[in-house]
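Chain by chain, the residues run as shown.
4 protein chains.
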Amino acid sequence: MLILMKADSTENQRKTVCEKIEKLGFRPHPIPGEHSMAIGITGNDGPLEEREFMSLEGVIKCIPVTVPYKLAGKDFKPKGTEVKVGPVTFGEGHFVIIGGPCSVESEEQTIRIAKAVKKAGAQVLRGGAFKPRTSPYSFQGLGLEGLKILKKASAETGLPVISEAIDFESLDAVSEYADIIQIGARNMQNFALLQKVGKLQRPVVLKRGISATLEEWLSSAEYIMQNGNEKVILCERGIRSYDKYTRNLLDLSAVPAIKNLSHLPIIVDPSHGTGRKELITPMSKGALAVGAHGIMVEVHDRPKEALSDGHQALLPHEFEALASSVEKISSLLVP
Amino acid sequence: MLILMKADSTENQRKTVCEKIEKLGFRPHPIPGEHSMAIGITGNDGPLEEREFMSLEGVIKCIPVTVPYKLAGKDFKPKGTEVKVGPVTFGEGHFVIIGGPCSVESEEQTIRIAKAVKKAGAQVLRGGAFKPRTSPYSFQGLGLEGLKILKKASAETGLPVISEAIDFESLDAVSEYADIIQIGARNMQNFALLQKVGKLQRPVVLKRGISATLEEWLSSAEYIMQNGNEKVILCERGIRSYDKYTRNLLDLSAVPAIKNLSHLPIIVDPSHGTGRKELITPMSKGALAVGAHGIMVEVHDRPKEALSDGHQALLPHEFEALASSVEKISSLLVP
Amino acid sequence: MLILMKADSTENQRKTVCEKIEKLGFRPHPIPGEHSMAIGITGNDGPLEEREFMSLEGVIKCIPVTVPYKLAGKDFKPKGTEVKVGPVTFGEGHFVIIGGPCSVESEEQTIRIAKAVKKAGAQVLRGGAFKPRTSPYSFQGLGLEGLKILKKASAETGLPVISEAIDFESLDAVSEYADIIQIGARNMQNFALLQKVGKLQRPVVLKRGISATLEEWLSSAEYIMQNGNEKVILCERGIRSYDKYTRNLLDLSAVPAIKNLSHLPIIVDPSHGTGRKELITPMSKGALAVGAHGIMVEVHDRPKEALSDGHQALLPHEFEALASSVEKISSLLVP
Amino acid sequence: MLILMKADSTENQRKTVCEKIEKLGFRPHPIPGEHSMAIGITGNDGPLEEREFMSLEGVIKCIPVTVPYKLAGKDFKPKGTEVKVGPVTFGEGHFVIIGGPCSVESEEQTIRIAKAVKKAGAQVLRGGAFKPRTSPYSFQGLGLEGLKILKKASAETGLPVISEAIDFESLDAVSEYADIIQIGARNMQNFALLQKVGKLQRPVVLKRGISATLEEWLSSAEYIMQNGNEKVILCERGIRSYDKYTRNLLDLSAVPAIKNLSHLPIIVDPSHGTGRKELITPMSKGALAVGAHGIMVEVHDRPKEALSDGHQALLPHEFEALASSVEKISSLLVP
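Protein chains in written order, with our numbering: chain A, 2 to 336; chain B, 2 to 336; chain C, 2 to 336; chain D, 2 to 336.
The shape of chain A in the complex, shown without the other chains (with noise of 0.2 Å):
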């Protein structure tokens, strides 16, 4: 950390900076400066509270050197992580396709479109049983219940299956039905739940809180990794715009920004990220061609009776079209 003091500061005001960095076990390191003057702070060995020394007088403003993330930081580990959920692979070299529907909301509906979209060419199954809802008097999923179709639905396809929990019971149930659990965006900042997930070993797909910057996404996987799990995804699932065009702002520039920061994988959501239908396909080319790691799609064969976001799902048809245009540019792309 850098402290910049005022020109006019006092050299009292400087000696109190200084002796608060000793105090706290580091090294001060006055720099003069004509206009201004900075005070360096070395020998510590995670992030320091910036904002601890705003209030001293003199100081104009700190500036952090090191980031508040350690063992998700591309410093600690500068070779690409691999993810491994049964025969597939997330990480550098691959493009996983998952797909699926929105909800799970019946057997019958669920190993159906499972079987279209293993055979449209997703390697992977998603759908939602606990759905974390803006208002409560919404479909709220089928719970434990929607779980257990899942279960079967990959034991029919042989898919893995990746599911949402959004508190400490639906994570029980969903680490013991599904492959891979997912921290929906709502839940990127509750501690208690990273936490608890960073006990298990089980993979996690960590959704982009809805206005989180790169920096509190990653120190949200560090909450993860730092209690022991490493099998961390990112996934990019577009964040708050003031245009309303589409649901949310799809940023594909966090794909290759995340990669130069981080060895984690990171995949993309354009289902939730844009909300439109006819923005899923041309967002699924973009984001293999910006270096993502894979997609998440949602998929229904009969959106007009699906219980939640039947309008942003692809039909099984084009979907196997976006899955296999998106082979064809992967065999371009990835080397």
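What the hints contain is simulated information worked out from the structure, not anything from laboratory work. Warning: the hint list may mix true and false statements.
As the list makes no split between identical chains, a pair holds if one copy fits it or if it spans any two.
Simulated pairs of lysine-lysine, DSS-like, Cα-Cα distance not exceeding 27 Å [said to hold, decoys possible]:
{"no.": "1", "residue 1": "K21", "residue 2": "K120"}
{"no.": "2", "residue 1": "K152", "residue 2": "K85"}
{"no.": "3", "residue 1": "K16", "residue 2": "K278"}
{"no.": "4", "residue 1": "K119", "residue 2": "K7"}
{"no.": "5", "residue 1": "K75", "residue 2": "K7"}
{"no.": "6", "residue 1": "K329", "residue 2": "K149"}
Start from chain A and add chains B, C and D according to the hints.
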């Protein structure tokens, strides 16, 4: 809900929409136009999933007419709610000043500051025992120990106390030791936590999420109220913005806007809302002037030693000046 | 400026940075650290292009220490500026109420409303003659004809008038007929227009751009001041946000923030800032309480007939009530 | 447009709304419902001012059904427009690579880089002569001199050139010396400038404003087209966001979204859009994959000496690698 159909939608497409509406148990009302066509829906008690109709052919868009909350809404209860905590009332005609340190750091520190804020005019004492922190390496609070200290400070000063619960475990503790439970911005959509809070009879301060719309915020209040706890106080604490001059963008317009939409009391947190000490006093006066029912302000007598957020805390004498000027204005504004 | 170098940057890389600094005519100040290394720059009068150093090898980031404006800054002139327009003063200790219709629609309408706002307590009359409209199909204003009407209304009431200039042509007309030139949000970075305004000696109200940072706003003021016109009044009018409940997000925190950074007077436009009639009065009181030097409010006596923005206009008696309550609070706040 | 009336609106209030509609020359269509009431409007050619009805008593909200642009819209012209510049075509089935320095700095520098980008595969040369800068103290470009240099570089390489016009004066010069006129983000709503550009017959690249919605962007294109110039190419260049990791947030989803709304070609500027050199190549590939018709990339062979934005420029060999990998993918994507 109103469903807009394309100008060139077919008779059949309109019929399909009407049939879906009837199947859901409601009544369709076709409304012919020259360049477009609309279908109204009546007979529904709660909100419909507007997006569910988007996948039907011929549909342009769906316009919700009802809101996704009910108990929290002004239609349901036009008269403003009063939430009482001992001798203190949150609601129209009252302006409650809450003060105290960001974190409970020690018994000595907490009681010292509690006495100071009481002397300065505070009616409620704040203090964080469980701290949700972006990075797992930041100070996480004293936990249960901190709550016990707060309880002592309350006994010494007679001030009711407010403290944040971040998960089920801390909620049990907070509801035992504190008079008001705070749910922070990161947990505004932690629905399991909201539901559990809803089963308690303790007053709750529900902070606005970092990018929450007013509708989402009131829907979260609904999760609490629907479970039986109607003692909800909303707290505007700043939203995310592109300008990093302030830590967050304190949205004072949310106060009169919420008062138009809801009967719940609303207070303002200018400390987190701005993150800059010099803005706290003007924004507190502003909060009062726009119609807020109170403010929550961080106070520390030794900010340089504070373990968190010392930079945005007022000194006791600054807090006293604020409280006294607020009181003066208040006499003019509150009839 | 401070340049942070990577921990493993080479001696040669640091040398290259220092040489570039010297070549630009400044002095480099190397500052050694344990995990990183910084180089300070002194001797520069204005701001440096911080990004210019980013391409040099070994550089992590550049931290500006000085701001990109000077004449508009408080360092340059600590005492608040007063801008006088006839009998009216914009500046500390004054609170100017500007009222009038969004658009000048006819002589009869304008003079009628001008008399009403004067009676209600307004000190300046507003009225748009040249209207910048998002769509070319919207009403674009009466132009020169409108300005002549405003001038008559000014003569009838004795109120100075403010009207918007949107390009060179309209600027010539506005500066001839109006007492204050308004530069709207869309033109905040129309530098040619700012420079031309800078060559006039007419007071200017410079509205904040729809997503402008405080620094960009003050830099735009600098374009005017640097050309010789120091009579700049800033106007907060709401910024773009994700919540569409209000038309814009009126950022009252910008008022005390600007007062910390600049000596220029600052007023608030709650009409465009909220776009909702019921929020205008509370937000006007809020503007006063946070320290603004005035408000600009749209008033129309027949809003149903208004050619633009009738929905966000106060009726004359509502405006009168606002003016009178503002006066009461004002007596308490302004020492 | 549809006007929603309150459930308890009176017969008289509805009548007033209908009368206002008729007075404007349109036809009202009352649509009864159980909990609310709507009134449709037909017979209007262009968009109505939705807000004009908001002030009428009993009105809840107005829902626009038509968009505020027409010539730029796909309804008006379903087939994609092709804009030709010498041998280069912007439009479906083509992917144009534009490269060159941020600023024209000298004849030697410009011709050197022009030759390099041509060799690397660029089809158009970019170079800024008039630079809109946030601060009046930043380098403002070589002006007319710069345009003459660009013209020479064009003659030497055979590449058509694009350069930005920032006001009337520079527009005269740019339209004389350059093949394509660029209107930058800050001027997207400088309507006088758009109208003047509309009277020329020169192709225009219209960049998206820093916080422009898609609708506002297309409305600005409409200002140009309505004046007679239909050779408009849109350019996504990043919007403002809360995360400062990138300079702007490059919104690739705008590409397929615009292609759904408009027939105009759209290109992407990954240099300003990210402000980070390491993101330019992946985001360029992404632009191609989501369906853009081209990219505009800053290239500099001596970035350390660049007078502006050197940090976000590719080196010629990096640009060559980008161009060649884009060509490979292109062969797969463009049928």
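Cross-check of the supplied hints:
no.: 1; hint: K21 - K120; result: neither (64 Å within a copy, 30 Å between copies)
no.: 2; hint: K152 - K85; result: within (19 Å within a copy, 49 Å between copies)
no.: 3; hint: K16 - K278; result: between (61 Å within a copy, 23 Å between copies)
no.: 4; hint: K119 - K7; result: neither (63 Å within a copy, 35 Å between copies)
no.: 5; hint: K75 - K7; result: between (35 Å within a copy, 14 Å between copies)
no.: 6; hint: K329 - K149; result: neither (35 Å within a copy, 45 Å between copies)
Hint check: violations occur at hints 1, 4 and 6; the rest are consistent with the structure.
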